[in-house]
Structures are given as structure tokens and as C-alpha cells.
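**Q** Spelled out from the first residue to the last, the chains are:
Number of protein chains: 2
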Amino acid sequence: MTVLRTLHHFALDPASRQVRLALGEKRLPFVELLERYWEPRAGFLELNPSGVTPVLVETNDDARLVICESRAILEHLEQASPEPDLLGRDPAERAETRRLQQWFDRKFDFEVNSLLLHEKMEKRLFSLGAPDLANLRAGREALRTHMGYMEGLLQDRDWLNGHRLSLADFAGAAHLSVIDYFGDVPWTDFPSVRTWYTKLKSRPCFRPLLADRWPGLAPASHYDDLDF
Amino acid sequence: MTVLRTLHHFALDPASRQVRLALGEKRLPFVELLERYWEPRAGFLELNPSGVTPVLVETNDDARLVICESRAILEHLEQASPEPDLLGRDPAERAETRRLQQWFDRKFDFEVNSLLLHEKMEKRLFSLGAPDLANLRAGREALRTHMGYMEGLLQDRDWLNGHRLSLADFAGAAHLSVIDYFGDVPWTDFPSVRTWYTKLKSRPCFRPLLADRWPGLAPASHYDDLDF
Numbered sequence: 007m008t009v010l011r012t013l014h015h016f017a018l019d020p021a022s023r024q025v026r027l028a029l030g031e032k033r034l035p036f037v038e039l040l041e042r043y044w045e046p047r048a049g050f051l052e053l054n055p056s057g058v059t060p061v062l063v064e065t066n067d068d069a070r071l072v073i074c075e076s077r078a079i080l081e082h083l084e085q086a087s088p089e090p091d092l093l094g095r096d097p098a099e100r101a102e103t104r105r106l107q108q109w110f111d112r113k114f115d116f117e118v119n120s121l122l123l124h125e126k127m128e129k130r131l132f133s134l135g136a137p138d139l140a141n142l143r144a145g146r147e148a149l150r151t152h153m154g155y156m157e158g159l160l161q162d163r164d165w166l167n168g169h170r171l172s173l174a175d176f177a178g179a180a181h182l183s184v185i186d187y188f189g190d191v192p193w194t195d196f197p198s199v200r201t202w203y204t205k206l207k208s209r210p211c212f213r214p215l216l217a218d219r220w221p222g223l224a225p226a227s228h229y230d231d232l233d234f
Numbered sequence: 007m008t009v010l011r012t013l014h015h016f017a018l019d020p021a022s023r024q025v026r027l028a029l030g031e032k033r034l035p036f037v038e039l040l041e042r043y044w045e046p047r048a049g050f051l052e053l054n055p056s057g058v059t060p061v062l063v064e065t066n067d068d069a070r071l072v073i074c075e076s077r078a079i080l081e082h083l084e085q086a087s088p089e090p091d092l093l094g095r096d097p098a099e100r101a102e103t104r105r106l107q108q109w110f111d112r113k114f115d116f117e118v119n120s121l122l123l124h125e126k127m128e129k130r131l132f133s134l135g136a137p138d139l140a141n142l143r144a145g146r147e148a149l150r151t152h153m154g155y156m157e158g159l160l161q162d163r164d165w166l167n168g169h170r171l172s173l174a175d176f177a178g179a180a181h182l183s184v185i186d187y188f189g190d191v192p193w194t195d196f197p198s199v200r201t202w203y204t205k206l207k208s209r210p211c212f213r214p215l216l217a218d219r220w221p222g223l224a225p226a227s228h229y230d231d232l233d234f
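Protein sequences, first through last, are from chains A and B.
Heads up, the first sequence is in the working numbering, so the first residue is 7 and it goes up one at a time.
Heads up, the second sequence is in the working numbering, so the first residue is 7 and it goes up one at a time.
Treat the hints as calculated values from the structure; they're not laboratory data.
Please read all numbers here as calculations on a predicted model, not as lab measurements.
Hints may contain errors.
[Said to hold, decoys possible] With a straight-line Cα cutoff of 27 Å, these simulated BS3-like cross-link-like pairs (lysine-lysine) come out:
#1 A:113 x B:113
#2 B:32 x B:207
#3 A:129 x B:113
#4 A:113 x A:205
#5 A:113 x B:207
[Claimed, not checked] To be clear about the criterion: a stretch of chain B counts as covered by chain A if any three or more of its residues have a C-beta under 8 Å from a C-beta of chain A, and this derived list gives those stretches:
#6 53-63
#7 66-80
#8 94-100
#9 108-121
[To be verified] Here are some, though not all, of the chain A residues that point toward chain B, as calculated from beta-carbon distances under 10 Å:
#10 52
#11 56
#12 108
#13 113
All C-beta atoms, glycine included, are put in the ideal place defined by N, C-alpha and C.
Pulled out of the complex, with its shape left as it was, chain A reads as follows (with noise of 0.2 Å):
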């Protein structure tokens, strides 16, 4: 039975963006729709009626499946297609991998995104007028710490959640990501998560996210460099 794809979706979103790792990497085809989020049609809000990206929609010949969210979609997927495994082998794995998805969802977007990305680019999206520099400061300096408990995990570990790639590395590379489009992570203090993060930008799931550009919004010069 085919499954036709659906993946409506922002291209700078973090949670977007995880979904499409997810999606590439267990070699899942999908369709694209890119949905404004600060401005949601009236046919998004059907579907998920928060508002929020990303929603996937599966159809095959006798059903339409709607999923909402990123953890939602990420967790069927996982039970759809487990292959390869992105969440754990056993319970600690898949504790660890879940605990640091909810760092990067919660803590990590809470304390670095609704500053930095804020400033930086829903300001631009919106309409919002000139970024607020201490509010960029403030930001900045958050994201050198949540690096440094990246950097932490990283000297002992080959992956954020020990020794296999997994949902943790997506949350972790989805939410740097749309940071170093706007060119503000510091890479050079930080060189376990440098490395890390060359090996994940390296993989084939990650090169749609390289060729990701939207209008008005030019990404930083290194931002699709492999060697940056």
C-alpha cells in the first residue's frame, strides 16, 4: 500500500525542520507545502487548529491520516517506519533521547530561540521593527551556555545521546541550524559540537535544510559550507 506524503511547514522552524531529518533519513519521499505560521490559512488551521508547524498528512487509497506536531509526528514515525531507529534500543536510550528532545523544545527554545530567532528573524517575518540589542545579547549569551552543555555531553559521547544518532542530534542540529542561517553561533569555542555538527550536515538528510533560503532573509556566507 503507497502512503502519499504531506508536510506542511516553515522552513526556518526548528520543529519543521526536525521532522524533515527524520523524514530523510529513514528515506521517506514527502510532499512540500510551505505554511506561513504568523499568518496561518484558514485550510491550516483545519488541520491543527493551534496554528503550530509542522503537520504531516499521510493518504493512501482508503484513508487520510492528519499529524500534528512535531513529537507527535516524530513518534508515529518511529512506530510506522522503524527503520532505521531514531528514539533508543532500550528504555534509557529512548529517556535520554526524549529528555534531551524536550531540552531543545522547551528549555533550549524558551531561553535562546524566543530571544535570538526572535530578534533576528520573526521581527523580519513580522514586520516588528529593528531587533533589540539586548535582547540579542541576552540570547547570545544563553546559547553559549546550552553549547557548553552540548560540548559537555559531546567529549564523552559520539552522538548527543551516546553512541547512535538519533531524535536528540536532529532536535539539537534543527534548532543550531536556523541559528547559523543568521550567523550566530560561535563554532570555533565549541569544537566537539563543531565536530559534531559537521557530521550531521554531512549525512543526505540534512542537504535540503543547506538549500533552504527564503525571501527578504539571506542565510550567513558559511551557512551551507561542509567545511565552515
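Start from chain A and add chain B according to the hints.
**A** Showing chain B alone in chain A's frame:
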């Protein structure tokens, strides 16, 4: 093999309450350890570096499993103790359960709790002074919007997810129950939500929540009344 469970939680934390409800519904015994998340102990930060409650520790003869934060714990419990099922029997039910979990844990949390619970609860716990009346008003207004959404769902559905009790109900009830502790839920204006909450409040898994008291914070008089 006997598994000993310890739940590190805070009594008035909606995320912790979801896990207590799920453990109760699945009749899984556990020991409780109260954590003051606003001044985390070093020992708690070793379990969860983000300092966020809840954390579940499972130990048996030869292993110790630490599971941090509500989504990871709830997904783990569904895999480890699948009866009764609280996630959903097919991909569509599971997607709807997880959509609503995300709705409460992100959207409701951001739009209601960050105003209403912050002003009524956190300001007293953290000794931050008197509540800001404009924030309280905005939080109450957002709460009405969310309850209107729930009312619409519950006019067509027995439970939030459709026809069966699920983690979506526990997510909604956990959030509302904490706000209800402070007497701020306008039950009379949302009769279907009230009927749904009455059903939940009568379940054995809910009893420990109704017995919660925090020093210096008295609950509303109807808080533990099954006929409110």
C-alpha cells in the same frame, strides 16, 4: 521482577500531575518525593540537569532507569505497562492524543499558565510580590478561550480524544485542576467541560491530587468537592 518507582514531583505542577494520573490509572505504585522546582536541590539536578519536574526513577535488582519530564515518562509507561491503554489504539487516535497533549503543554501553558499561575502561584512561591492585575485579567481571558475550545470538542465527544479516556484528558485535567486549586475556573459557563471534569474528578486516580495542600497556599473551598 519487582520495579520500585520513585516520582520526583511538585504537587501543583501540571506536568507532574499528568504522570501521577497515569500511574494511578495504571495502578502502578510509586513513592513520592516533593521537589521545589524553583530552588532545585543538587541531587535533583543530577537526575535532570534542566531542573524540571517530574522525574521518574525505576529501580530493580540490577538496574536503575531515570526518566526525565512528563512526555518521556508518559511514552515510557505506555510501552512498559500498556494496560489500560492511554495513548490510543490506532495511529489516528494516538495522533489526536499527542496533538492535545502538545496543545495543553505548549499553547495552554504559554497563554494561560504563564500569566494566571505565574501571578497566583509562582509569585507567592518565589516571593515576587503582589499579582499584576492586568496579567490576571489577560490570563483569565485566555482561559475562557481555551475552555471554549474544549467545550466545542466535548459537545461531540465523551472524552477529549473521542470515545475513550486518554492522556489528552489527563493533560487537560491536570492543567485545569491546578488553576481550580486557586479558584479561577469559570465552570458554570462551560457545562460540557464541567461534566467531563466531574467524571475525571470521581476516578480513583484523581484522589491524591484532590488531597494536595501546599503550606501557605490554601485551595478554593470547592477544590476537593466532587459536586462542585
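**Q** State for each hint whether it applies.
**A** Hint check results:
1. For the given pair, residue 113 of chain A sits about 15 Å from residue 113 of chain B by alpha-carbon distance, which is consistent with the 27 Å threshold.
2. The hinted pair formed by residue 32 of chain B and residue 207 of chain B meets the criterion: a straight-line CA distance of about 16 Å does not exceed 27 Å.
3. This hinted pair checks out: residue 129 of chain A and residue 113 of chain B have alpha carbons roughly 21 Å apart, not beyond 27 Å.
4. Between residue 113 of chain A and residue 205 of chain A the CA atoms are separated by roughly 24 Å; this keeps the pair inside 27 Å, and the hint holds.
5. The suggested pairing of residue 113 of chain A with residue 207 of chain B is violated, with an alpha-carbon distance near 32 Å, which exceeds 27 Å.
6. Counting residues of the segment 53-63 of chain B whose CB lies closer than 8 Å to any CB of chain A gives 4, which reaches the minimum of 3, so the coverage claim holds.
7. Figure legend: the segment 66-80 of chain B, annotated as covered by chain A; annotation consistent (7 residues with Cβ-Cβ distances under 8 Å, at least 3 required).
8. Look at the segment 94-100 of chain B against chain A: 3 of its residues bring a Cβ nearer than 8 Å to a Cβ of that chain, three or more, so the hint holds.
9. Under the rule that three or more residues need a Cβ within less than 8 Å of chain A, the assignment of the segment 108-121 of chain B holds, with 4 such residues.
10. Interface hint at residue 52 of chain A: violated, since its Cβ lies 13 Å from the closest Cβ of chain B, which is beyond the 10 Å cut-off.
11. Because the beta carbon of residue 56 of chain A sits about 5 Å from the nearest beta carbon in chain B, less than 10 Å, this interface hint is met.
12. Using the Cβ-Cβ criterion of 10 Å, the hint placing residue 108 of chain A at the interface with chain B is satisfied: the shortest such distance is roughly 5 Å.
13. Interface restraint check for residue 113 of chain A: the shortest CB-CB distance to chain B comes to about 5 Å, inside 10 Å, so the restraint holds.
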